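Novice: Going line by line, the protein sequences match chains A and B. When the letters of the first sequence are read in order and numbered with our numbering, they come out as residues 1 to 160. When the letters of the second sequence are read in order and numbered with our numbering, they come out as residues 1 to 160.
Everything labelled a hint here was simulated from the structure, so no lab data went into it. Keep in mind that a hint or two might mislead.
The list treats identical chains as one, so a pair stands whether inside a single copy or across any two.
[To be verified] Straight-line distance between alpha carbons at most 20 Å, and here's what the computed SDA-like set of lysine to any residue pairs gives:
#1 Lys119 / Ser86
#2 Lys85 / Ala107
#3 Lys119 / Ala70
#4 Lys42 / Asp145
#5 Lys119 / Leu41
#6 Lys27 / Gly48
#7 Lys103 / Arg127
Quantities reported herein were computed from a predicted structural model and do not represent experimental measurements.
Each chain, written out:
2 protein chains.
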Amino acid sequence: MLEIKALLVGELEEILSISQNVGVFSKEEVATVDELFQGYLKDPVISGYNYLSCRLNGAFAGYACWGPTALSKGTVDLYWICVDKSFQNQGIAAELFRAVEKKAAEAGRWQIVIWTSSKPEYEQARRFYQKMGCVLATQITDFYDRGDDLCVYMRILEKR
Amino acid sequence: MLEIKALLVGELEEILSISQNVGVFSKEEVATVDELFQGYLKDPVISGYNYLSCRLNGAFAGYACWGPTALSKGTVDLYWICVDKSFQNQGIAAELFRAVEKKAAEAGRWQIVIWTSSKPEYEQARRFYQKMGCVLATQITDFYDRGDDLCVYMRILEKR
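For reference, chain A alone in the conformation it holds in the complex (with noise of 0.2 Å):
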């Protein structure tokens, strides 16, 4: 049985740990996943991250973090989305991000925007994106690094 439903404060170590364990978060990746979770843990609305989790069968097996991006009243963010490695293929990053666009489209946001990396560990996840129905809206050379470009992938939920 799947379950998504907002993250609870005794799972940070799951959360962390799955970040490690996914192989492509930098340590100060992780570090900014906590830093945003202790914002949630204090205020979700204050703080604009919100956390759901995703269990099967009761095992937790990922998480997703977003939150309505900051002066717009239209867009929301997708932070991140990270499933654990050996529940992986398993359609649980769909079912998250499908919950996300959700929960967008009942606080009467219209479109998600994703910021990603162009380097090759994060293929799978633009991939990912592009197969859910997002569009690359644009890509910013050199923007995280010298070859690491930003990538803005967008999905509009309804039509205008």
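Fit chain B to the known structure of chain A by using the hints.
Specialist: Chain B only, in chain A's frame:
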């Protein structure tokens, strides 16, 4: 005499007053300026926000807010440049822009990114950024609101 330096604690009133009197910022945006300034006062390094003030013959004429882009090695964000109405058209914004360029280069960064709006109120700002050598890297439809696009300007600081 024109003097640009790090903003002081006691200058919060000046920056909020200017941010209101330029007539472009919404209440929410003025609140954001305030919030970022509180982070800066607490710790500019941790907050990631840096403020520069510009005084003309001792009078507070304007300020710039900038900071290293999260998770990037090469980019800085220029959040706002704001010049008091009575000091406009005297090249103060350009001096502040050049000062941010200098700070960014000193920090080993090679580009500045500016996120702004496509709304008519920001046309002056967009023209200013273009005049300073920025290029429109992308425009994302309805990002802030229906009919209010995100415009991303980039300024490359050195030859790649």
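Novice: Now look at each hint and say whether the structure bears it out.
Specialist: Okay, the hints, checked on the actual structure:
When the C-alpha separation of lysine 119 and serine 86 is checked against a cutoff of 20 Å, the pair qualifies neither within a copy, at 23 Å, nor between copies, at 47 Å. Proximity of lysine 85 and alanine 107 under a CA criterion of 20 Å is satisfied in neither setting, with 31 Å inside one chain copy and 37 Å between copies. In this assembly of identical chains, the alpha carbons of lysine 119 and alanine 70 lie at most 20 Å apart only when taken from different copies (17 Å versus 26 Å within one copy). Taking the closest pair of Cα atoms, lysine 42 and aspartate 145 never come within 20 Å of each other, the shortest separation being 32 Å inside a single copy and 28 Å across copies.
Within a single copy, lysine 119 and leucine 41 get their C-alpha atoms no closer than 31 Å, and across copies no closer than 35 Å, so neither meets the 20 Å cut-off. Only between protomers do lysine 27 and glycine 48 lie at most 20 Å apart by alpha-carbon distance; the minimum there is 18 Å, versus 23 Å within a single protomer. When the C-alpha separation of lysine 103 and arginine 127 is checked against a cutoff of 20 Å, the pair qualifies neither within a copy, at 23 Å, nor between copies, at 37 Å.
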